[in-house]
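Enquirer: The listed protein sequences derive, respectively, from chains E and U. The working numbering puts the first residue of the first sequence at 27, with every later residue one more than the last. The working numbering puts the first residue of the second sequence at -13, with every later residue one more than the last.
Everything labelled a hint here was simulated from the structure, so no lab data went into it. Check the hints yourself; a few may be wrong.
[Unchecked claim] With a straight-line cut-off of 27 Å between C-alpha atoms, the simulated BS3-like cross-links for lysine-lysine are:
| no. | chain 1 | residue 1 | chain 2 | residue 2 |
| --- | --- | --- | --- | --- |
| 1 | E | K120 | U | K5 |
| 2 | E | K120 | U | K57 |
| 3 | E | K89 | U | K27 |
| 4 | E | K127 | U | K30 |
| 5 | E | K97 | U | K26 |
| 6 | U | K(-5) | U | K30 |
| 7 | U | K22 | E | K29 |
| 8 | U | K(-5) | E | K83 |
| 9 | E | K89 | U | K30 |
| 10 | U | K38 | E | K120 |
Residue-level listing of the chains:
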Amino acid sequence: SQKIEQNSEALNIQEGKTATLTCNYTNYSPAYLQWYRQDPGRGPVFLLLIRENEKEKRKERLKVTFDTTLKQSLFHITASQPADSATYLCALDKGGGATNKLIFGTGTLLAVQP
Amino acid sequence: DTAVSQTPKYLVTQMGNDKSIKCEQNLGHDTMYWYKQDSKKFLKIMFSYNNKELIINETVPNRFSPKSPDKAHLNLHINSLELGDSAVYFCASSRSRGVGTGELFFGEGSRLTVL
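In isolation and in its complexed conformation, chain E is listed as follows (with noise of 0.2 Å):
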């Protein structure tokens, strides 16, 4: 079946580190995915996007890897900030057709201490 995972646990850090989120997938062949910032009674935010010939997609402390081999994007906030504590969204298309159709995961929740 296809499935897509991603830290089921809360992810906690201290400030000024990297935080590091990860998102698998399978039975799926998407062509680009996306990453999603959601806070508490709010909807997703979108934050990047990368396609599946790109291998790395940076904007200000964010970066994103795609590895359509492993089947698995990782999510790099540098220089961590508390204001960076939300739910963590990963999302694919479902692959080929024509429609633009997300998939999201269950989301991982980041906490950075001060």
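Given chain E's structure and the hints, the job is docking chain U onto it.
Expert: Below, chain U without anything else, positioned relative to chain E:
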């Protein structure tokens, strides 16, 4: 100047009632979606419309009926509400329907509680 706005934000109702959630986007996007987020925070797609045409209809009970009067609006009507319908419903929009067309813009969510 909210990009994707949905109303109401909170909805508490009894089992068996019928309720509607409305969504509007002012981004000029062609495609709109309804997602359901359950108590475990799992976000699951329900429907998608492209320029008023239904293009995604996941396995959702017939009690759920989306309606898109124009490409800027997508409403969700739910008949005969059940306890299991309690969730947060998110409306979203994207530039167009194609794969890789970019990010989704989400509304703030409508929390539905069925008693």
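Enquirer: Look at each hint and say if it fits the structure.
Expert: Against the structure, the hints come out as follows:
1. About 31 Å separates the Cα atoms of E/K120 and U/K5, which puts this hinted pair outside 27 Å; it is violated.
2. Proximity of E/K120 to U/K57 is assessed by CA-CA distance (about 24 Å); at most 27 Å being required, the pair is judged to hold.
3. A threshold of 27 Å between alpha carbons decides the hint, and for E/K89 with U/K27 the separation of about 24 Å falls inside it, so the pair holds.
4. A C-alpha spacing of about 10 Å is found between E/K127 and U/K30, which places the hinted pair at or below 27 Å, so the restraint holds.
5. Among the hinted pairs, E/K97 with U/K26 is consistent with the structure: their alpha-carbon atoms are about 24 Å apart, no more than 27 Å.
6. Only pairs whose Cα atoms come within 27 Å are accepted, and U/K(-5) paired with U/K30 is accepted, the gap being roughly 19 Å.
7. A distance of roughly 17 Å separates the Cα atoms of U/K22 and E/K29; the hinted pair therefore holds under the 27 Å criterion.
8. As the CA atoms of U/K(-5) and E/K83 are separated by approximately 35 Å, the hinted pair breaks the 27 Å bound.
9. For the given pair, E/K89 sits about 26 Å from U/K30 by alpha-carbon distance, which is consistent with the 27 Å threshold.
10. A hinted pair counts as satisfied when its Cα atoms are at most 27 Å apart, and U/K38 with E/K120 qualifies at roughly 22 Å.
The earlier numbered hints that this structure contradicts are 1, 8.
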